[in-house]
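**Student:** Respectively, the protein sequence lines represent chains A and B.
With our numbering applied, the first sequence corresponds to residues -7 to 219, in that order.
With our numbering applied, the second sequence corresponds to residues 74 to 293, in that order.
The set of hints was computed from the structure by calculation and includes no laboratory data.
If you're wondering where the values come from, they're calculated on a predicted model, not measured in any experiment.
There may be inaccurate statements among the hints.
Claimed, not checked - Chain B regions said to be covered by chain A (calculated; three or more residues, Cβ under 8 Å):
(1) 153 to 160
(2) 180 to 192
What the hints assert, rightly or not - If you anchor each label on the Cβ, the simulated ranges turn out as follows:
(3) T193/A with D90/B: 46 to 56 Å
(4) R215/A with D132/B: 17 to 27 Å
(5) R206/B with E189/A: 40 to 50 Å
(6) R283/B with L25/A: 49 to 59 Å
No residue lacks a Cβ here, since even glycine has one placed at the ideal position from N, Cα and C.
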Amino acid sequence: MNPSLVLRLTWLLLKKDLRVAARSRETWVLVLLFAILCVLVFAFGFLREGGDGAEVVPGALWVTLQFSATVALMRLFSAEEEAGALTTVSRSVAGSAPLFFSKALMQLIFTGGVTLTVLPLVLVFFGATAMPIGPTLAALLLGLLGQAVVGTLVAGLMLRVRQRDVLLPLVLYPILAPTLIAGVKVTAISASGGDPEVIATWLRLMVVFDAVFVLACPWLYARASGP
Amino acid sequence: MSGEVLLRAEGLAAAVDRRYVLLDLGLELRAGEVTAIAGENGAGKTTLLGLLAGERAPDRGTVRLAGVALAEADPAALASRIGVLGHRPGLYLELSAVENVVLFAALAGRPCTAAEALAHLQSVGLAAADAARPVRHYSRGMAQRAAIARLIASGATIWLLDEPSTGLDRQGCATLRALLRDAADQGRALCVVSHDPELLAAADRRLELRGGQLHDAGGA
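If we strip away everything but chain B, and leave its shape as in the complex, we get:
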């Protein structure tokens, strides 16, 4: 199914504090493709991801998931098909990484066992001993790894990632790039917002958000 459009945004407009940051914006996320979006601070990248995830409603335009507008989409379809990695890791601090992954996988409709959760965590470089500790004691980088494992376990076909390399060391960044490539090769559609040049270079399609619209910034 490589190349199939999984998520389509048309004529999107969104205002933040009465100022339009997105204007008549269109975007297609295709299966098997990593789309990277760069842009200056305040350009509207996080707002765009929020619209694509259905977390906020656009002032104009629509986002369609498999042809259905997000506003009318079944919550089950949204939760199971769109996975989001936001600015913050989004993990319960008093729970261990394993407990978090098991919980969020169930909420996304993909229940997994503790052993499967641990395998996901180890695939992003988190040791078993660390995975059993409460997230409160993690460094930012460790929490980010656990958040990435949470995204993998969700089984979502569309991944929306906001600065996913935040807090990661060089090894972690390399693991992340390989993981994103694998996810795309497995037929997922990925949209990555980042300032990380290496992450941007690894994308299939690079776009820049400027003046409320997306501009082609080249591709691999």
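Just chain A, with the same shape it has in the complex:
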């Protein structure tokens, strides 16, 4: 496989996805509204007069982002499905790798955009603006990267499966459990002013998770999307 060709076609497909998203807007609007709604539900559900809102931040933040990311995943291949172009695009001169990488990057861009909206909302609503944000940002970056590559693989493989909207989270979350737990732990420990060494250990676990799946997922996708 020619890496420069893979990169060039990945960029081409990513530009196409960004253009389609900018013109249709439906996924952006849908995911953002869903995320804001989740934050509001958590705020009304968990905030009590005199209670410590910061305790709820890890759960509210990560659950909101994971739910929103799952909604985005369900729409990730919708342009290809609508066009009936999945086979042609996954059989480019560089194989299926450009499609996989462009979709994973698109998912990362989507969830990154949602994070930029949701994180300040959560911190303000739950009165946690004084919380050290560095470790949480690192955990979010690693967690969303893992979610994007594993999610793209699972969403791509389920395109021909009936009831995939139900099955996708059922298959996805058990795989993501280690990185999700680590991410929530990082946010919880940093919110309570815990030991930086423990935070670093959880972050290392997330790095290992990402490294394994960033290498494995494109290969698995290529194997599974062939004839």
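Given the structure of chain A, go ahead and fit chain B onto it with the hints provided.
**Tutor:** Chain B in isolation, oriented as in the chain A frame:
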């Protein structure tokens, strides 16, 4: 290179819903030749095109591209040499026809400029103003014309077309027949699945898919 076998299928068998629709089927697609395949609904024509394109694997038999089995062929060779026009136009609805042609040409390893894409689109009768509009606003016939332009721009030497005259008006059908003839005269091997009598009559070789096998139905 007229007459050279570009794609060869041997002993193909394929089942759909546990029922064999193709049985011990053989076919050669030669450079410079238009092969038309007719057959009743459900005879297995689309399944056959999928096997020839390498989009699905046969239950038995092999399809060889320049002597290499498709299962072992380099993805670059498959994408650049085999062009498929399926049941659906296969175009991104939010992109214009020009953007689609440029994108798919690059994916097939034949990058082209917007001006070249426009020229391909105009050659199939799509006006410049229409070519710049999103495909979502096209009629079925316009989308089919854009899909044909996408196939031309791919530079593929083997064209596999499934009901290519779908949605086309009389003028569009005439343009399509002339275009297929030109493509064959330029050394391409074409396989057209169709029910359109005029399109079938314009082919060099006519076959009928019946009982899982291809039968000679005459030629020009």
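**Student:** Next step is simple, just say for each hint if it's right about the structure.
**Tutor:** Verification of the supplied hints:
no., hint, in the structure
1, 153 to 160, "holds (count 4)"
2, 180 to 192, "holds (count 3)"
3, T193/A with D90/B: 46 to 56 Å, "holds, 53 Å"
4, R215/A with D132/B: 17 to 27 Å, "holds, 20 Å"
5, R206/B with E189/A: 40 to 50 Å, "violated, 59 Å"
6, R283/B with L25/A: 49 to 59 Å, "holds, 55 Å"
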